[in-house]
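A.B. asks: Residue numbers (my numbering), protein chains in the order written: chain D, 1 to 164; chain Y, 165 to 454; chain E, 455 to 1217.
These aren't lab readings, by the way, just hints derived from the structure by calculation.
The beta-carbon is built from N, C-alpha and C at its ideal position, and this holds for glycine as well.
Treat the hints with caution; some may be incorrect.
Dumping the calculated DSSO-like pairs for lysine-lysine here, alpha-carbon to alpha-carbon at most 27 angstroms [unchecked claim]:
1. 413/Y x 907/E
2. 1085/E x 446/Y
3. 1085/E x 445/Y
4. 445/Y x 907/E
5. 446/Y x 907/E
6. 889/E x 775/E
7. 587/E x 8/D
8. 8/D x 518/E
9. 907/E x 889/E
10. 518/E x 413/Y
11. 889/E x 413/Y
Residues of chain Y clear of chain E, computed beta-carbon distances all greater than 12 angstroms [said to hold, decoys possible]:
12. 184
13. 218
14. 220
15. 225
16. 226
17. 244
18. 246
19. 248
20. 304
21. 319
22. 323
23. 348
24. 368
25. 375
26. 431
Covered by chain Y, according to a simulated footprint, are these stretches of chain E (three or more residues, beta-carbon under 8 angstroms) [what the hints assert, rightly or not]:
27. 922-930
28. 1200-1214
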Amino acid sequence: MVLDEVAKVRVSTMINGAPMELLLAPYQSLLGTLRDTVGLTGTKEGCNDGNCGACTVNLDGRIVDSCMVLGVEADGKRVETIEGMATPEGLHSLQQAFLEEAALQCGVCTPGFLVSAKALLDKEPRPSEARIRLWLAGNLCRCTGYDKIVRAVQRASEAGPERS
Amino acid sequence: MHPFRYVRATTVDEVVSVLSEYGPRARCLAGGTDILAQVRAGGYELDAIVDIKGVPDVMRMDQDGHGLHIGAAVPCYRLYEDEQVCSDYPGIIDAASMIGGIQIQSRASLGGNLCNASPSADSVAPLIVHHTTAIIAGPDGTRQVPVEAFCTSPGQTVLERGEFLVGFRIPKPLAWFGAAYQRFIPRNEMDIAVVGVGSSVVLDASGERVQSARIALAAVGPTPILATEAGASLAGQEATPEAISAAAKLAREAASPIIDMRGTVEHRRHLVEVLTVRTLKKAVQRAREV
Amino acid sequence: MTITDKPAQEYQVIGTRPIRPDGLEKVTGQAIYGADVRLPGMVHGTTLRSPHAHARIISIDTSKATAMPGVLAVITGADMPVAENATVDMGEEEANLNYASDKLMARSKVVYKGHPVAAVAAWDSNTAQEAAKLIEVEYGVLKPVINVDAALAPNAPIVHEDLVGDDLGEKVRSTNLAKHFRHEFGDVEAGFKASSIVIEREFNLATVHQGYIEPQNATALWQSDGRVTIWTSTQGSFGARRATAGVLNMSESKIKVVPCEIGGGFGGKIGIYLEPIAALLSKKCGRPVQLIMDRQSVFDATGPTPGAKVRIKLGADDSGKLLAGTADLRYEAGAYPGSAVGAGAMCVFAPYRIENTRIDGYDVVVNKPKSSAYRAPGATQSSYAMESVVDEVSEALRMDPLEFRLRNATREGDRRADGPEFQRIGNIEVQQAAKESPHWTSELERDGPDGRKRGRGVATGFWFNGGMRSSVNMSVNNDGTVSLIEGSVDIGGTRASISMQAAEALGLPAQDVRPTVVDTESVGYNDVTGGSRTTNASGHAAYNAAQEVIAKMTGRAALLWDLKPEDVEFAEGVFSAKADPELKMTFKEVAAKLNETGGPLNATGSIQARGGAGSFGTHIVDVEVDPDTGKVDIVRYTAVQDAGKAIHPAYVEGQMQGGAAQGIGWALNEEYFMNDQGIMDNSTFLDYRMPTSLDVPMIETIIVEVPNPNHPFGVRGVGETSIIPPVPAISNAIYDALGVRLRQTPMKPSRVLDALRDKQDSA
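Chain D with its partners taken away, still in its complex shape (with noise of 0.2 angstroms):
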């Protein structure tokens, strides 16, 4: 590794449930991190410049587009990514609902998607399909036109938090 003029910095972090301690780099983003340092690389990277959604991870409970966050500031902090949705159990209802509702066609903004519409979901159990369209609004898809995304997170929200 070239040889930074600055000190990495410590971290002690939570991903998708597993404890972790990083070296990293002040500057990377928490995506970077996710892709690069801890080899998760679910998440994407589709603009660098928090205005596409596809890095949405959710920290602490809050689902934030990674590649505006530092990896540092994961320190002390719960990450969790599309890698932690499903379980030994079986798909998350949400990821079940898209497969169902054929609600991805390139699939790359589909991490992000699942992310955010989780947290709605754990929020709000029955969103109205206006509330549904404002809290995505922060995720890009230019595949599906939005309608079978939105008719998958109904039909999730209908099914409730399962497994299947």
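Use these hints to put chains Y and E onto chain D, whose structure you have.
C.D. replies: Chains Y and E only, in chain D's frame:
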């Protein structure tokens, strides 16, 4: 990106100390939604970034008899998820709930919005019309500045070396106070304001006459503009469509927009007038509801 | 909703909605897209790009970058092999190799902002970026030309001194006009003379980008024996291989392209941008090198669709019959020749029978990034103009616009205005379905809340749909499942639609055909995933392979029964003896005995498919306009389209909805906002405004099925047509709401206000 040092501060003095040491080569990190994009785009280089979110004063949000104290780094969602704040300060919530999308609102703060000093900042105009005071800490102690005086030109503020914005004090609204903020954007979310207008009114006890009014404009000048003449024009007037319309024309005159990729001069002036009418009406309606 | 031409054939798999085979990986974050590739010893590269739209490169000094600790390789245009001046078939695009190479890395001149001039490989991407900043380039800035008028003006700065233009067959030198062609039938002057209504209008469209969420990427490993492996998110691995081989002046057989999952393409990832650069960096440093484009470079330096100036003139008689039509299409090719103006000419008049037509197409070079295909490339531009003028003509005739379309609809046997004859097409059926749709037959409440006004508009689009070449391999597994090896990159669900066709042919459930998309060494040639061809052609190839499997399995069953193959038949997944129908075995049972009957069972299917016979689409849109701000909202949307046969209806609906949303963005807000130095000011997703979930309503879809005679199941292909109708439909709806016609995209709020003010002033 030029490598920078990361400092997580826990006291005001720590922040002041880092900022004094590095001067313009250091910045405060609140939500990061402006600063990280700008550093990456090469807008400026930093040697240090000081994370202020560990400083209690900067994260406080509490009300007392005098008003509302909001720390500079309080993310927008904390504002609009607070029932009391929503009920007492809807004009500020208007802005807090429209900056970016949910992800941005998890991090972006009113303080960051002000310190970024973009002419199109959404939350500055409503703060102005709420008579908000900015509380600044620095090497010489703390001082206060009315929000309308905080920004001096695009990207520039009154902060001196070593100083940073700790928070805001918003006075408790008087009875018969109402405020609203609206902006014009081409989509329905995720855009920077082409024009933004914040209006507040204080009505008399009959609810018919305007005692005082404030109108502040965003994105139509190098800094947010307090349209003093327009606001003053309503004092003592009945809150009629004609009076509102006249005030809106004065607000239009107060604007000095430029042409850029988000809008032309003419359209911005036109939108100032339209949004002033709409926000004044809304402010009056809210004043009557209280 | 699906409307079929004939009584529904009984299909077991086709027309159902199974979960796509690659769905699990994609909803769990496990799918590997190009930027997710991680190889042992992999390092990172970046490009240095020109800040100028037009400039000579006077000198480049890379020494400081090379000297920086952590830098492993630096290249410039001088390191690029000299390509021959040959053309390469890329599918929906052709590439002149000289220009293709120059586009990837400039040698002596930069011709678009973002044009790469150097590239760096380093241990990590931050070091590579910091090193690139140390490369010193001296530019001699030249005046750029940024639209067709400026490019064609006398004394315009010339982008390529060596370009020889073709003006209706005549050679032209020292020009920015790469080509001017003409299609002409009948006598347009006579036609206009005989018309009682003649309307001529001009339209201007801004450059727009495909807007795929995933930026371009390439990872290359150059081995010491001269073979190169490239992992990339591409729409066509074989095309990428050919183009890379051409640019690097090496044999295709030395290059293996591994297609990764791809985060959107829409035509913009047919061409290559990073592959040869990654390869050369890898050659120089001996390690795998990964390059990923940043979003600004995607806007500046990949391939947006052409901006255009389009003139349409139509003449019709009192009965509503179109008698003559002319189209003048001037498209910006970008910095190198080759816009989609040809395709625009093929589609512009396609829905209408017009006896007398003349189409002039101009391919014009300007200092913008070289244009690339964008979903029905070229057709949206020409159709915006045509469908808007049709709206005016039908209004002048006081005819319902769908009735007008039915009156003039093309049908099988009619000649298209660029020459070819239509096969069986579903034009009339689509117009009819639109006319009877719940949307069209519903009352529109014209007054919205708070003074807003509503209007309704309609428009039609046509795309010819490709056929082209596909290859698949198939093998039968002992458990009765079938492995399907294909080479068609899956952008929107084609693993599902291709394997479903194989499953249908084999009488198997959809899940029992397991598709895999493989690299260029593991399957025969496949043309790009694009051109609306994949479900058609690759599905057809899979169907052919299935026929071979059935024939071979029949032989195995015969062997088991000691019969001749011709005494055994196969229907609905079951083999039976013709003489004794009680003697039967399922596909699974025969598969279980493969080892005893001859061993492995493999088959191939390949095809040079005939085209999809064209897909017509008509969209209906209700808009709500705020006359005080000019803001346009879409309140209701219906897309009608002829799919031929919807293999997986959900993915057909998805194509219709996705194209509609892109068209809505194109219509209302998307544009390259160029300053006069030829630089895009709005090169971020903040100011390049694509629709969010709040900007579109639910999009209703009506699938019409008029089978394609060239395909065993009637598949036409659907991917592209849906982007054509939205722009004119919205323009027509705004007219219906406000009485003003907008002839420029985007139809942004300021333009709506300007049009309203002009209308007021002239009143």
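A.B. asks: For each hint, tell me whether it holds in the structure or not.
C.D. replies: Structure-based check of all given hints:
A threshold of 27 angstroms between alpha carbons decides the hint, and for residue 413/Y with residue 907/E the separation of about 25 angstroms falls inside it, so the pair holds. Proposed proximity of residue 1085/E and residue 446/Y is supported: the alpha carbons are some 20 angstroms apart, at most 27 angstroms. Pair hint residue 1085/E plus residue 445/Y holds up; C-alpha atoms about 20 angstroms apart against a cutoff of 27 angstroms. Between the alpha carbons of residue 445/Y and residue 907/E the distance comes to roughly 21 angstroms, so the proposed pair stays at or under 27 angstroms and holds.
Taking the CA atoms of residue 446/Y and residue 907/E, the gap is near 21 angstroms; set against the 27 angstroms cutoff, the hint holds. For the proposed pair residue 889/E and residue 775/E, the alpha carbon gap of about 19 angstroms is at most 27 angstroms, so the pair holds. Between residue 587/E and residue 8/D the CA atoms are separated by roughly 23 angstroms; this keeps the pair inside 27 angstroms, and the hint holds. Of the pairs offered as hints, the one joining residue 8/D and residue 518/E holds, with about 26 angstroms between alpha carbons and a cut-off of 27 angstroms not exceeded.
The hinted pair formed by residue 907/E and residue 889/E meets the criterion: a straight-line CA distance of about 23 angstroms does not exceed 27 angstroms. Proposed proximity of residue 518/E and residue 413/Y is contradicted: the alpha carbons are some 58 angstroms apart, above 27 angstroms. For the given pair, residue 889/E sits about 47 angstroms from residue 413/Y by alpha-carbon distance, which is inconsistent with the 27 angstroms threshold. The claim that residue 184/Y lies off the interface holds: its Cβ sits roughly 28 angstroms from the closest Cβ of chain E, which is beyond the 12 angstroms cut-off.
The claim that residue 218/Y lies off the interface holds: its Cβ sits roughly 26 angstroms from the closest Cβ of chain E, which is beyond the 12 angstroms cut-off. At the 12 angstroms boundary, the C-beta of residue 220/Y stays outside the reach of chain E, the nearest C-beta of that chain being 33 angstroms off. Annotated as non-interface, residue 225/Y keeps its C-beta farther than 12 angstroms from every C-beta of chain E; the closest such distance is 28 angstroms. Every CB of chain E lies more than 12 angstroms from the CB of residue 226/Y, the least distance being 33 angstroms, so the non-interface label holds.
The beta carbon of residue 244/Y is kept farther than 12 angstroms from every beta carbon of chain E, the shortest such distance being approximately 17 angstroms. The Cβ of residue 246/Y lies farther than 12 angstroms from every Cβ of chain E, with a closest approach of about 24 angstroms, so its non-interface assignment holds. Even its closest Cβ contact with chain E, about 28 angstroms, leaves residue 248/Y beyond 12 angstroms, as expected for a residue assigned away from the interface. Its beta-carbon lying about 37 angstroms from the closest one in chain E, residue 304/Y satisfies the requirement of being farther than 12 angstroms from that chain.
With a least beta-carbon separation of about 17 angstroms from chain E, residue 319/Y lies farther than 12 angstroms from that chain, consistent with its non-interface assignment. With 12 angstroms as the threshold on Cβ separation, the claim that residue 323/Y sits away from chain E holds: the shortest Cβ distance comes to roughly 26 angstroms. At roughly 6 angstroms from the closest C-beta of chain E, the C-beta of residue 348/Y falls inside 12 angstroms, breaking its exclusion from the interface. Distance check on residue 368/Y: its Cβ is at least 28 angstroms (rounded) from any Cβ of chain E, clearing the 12 angstroms threshold; non-interface status holds.
Every C-beta of chain E lies more than 12 angstroms from that of residue 375/Y, the closest at about 28 angstroms, which supports listing it as non-interface. With a least beta-carbon separation of about 5 angstroms from chain E, residue 431/Y fails to lie farther than 12 angstroms from that chain, contradicting its non-interface assignment. Using a Cβ-Cβ cut-off of 8 angstroms, 0 residues of the stretch 922-930 of chain E lie near chain Y, which falls short of the minimum of three, so the contact claim is violated. Coverage of the stretch 1200-1214 of chain E by chain Y holds in this model, with 4 residues showing a Cβ closer than 8 angstroms to a Cβ of that chain against a need of three.
When held up to the earlier numbered hints, the structure conflicts with 10, 11, 23, 26, 27 and fits the remainder.
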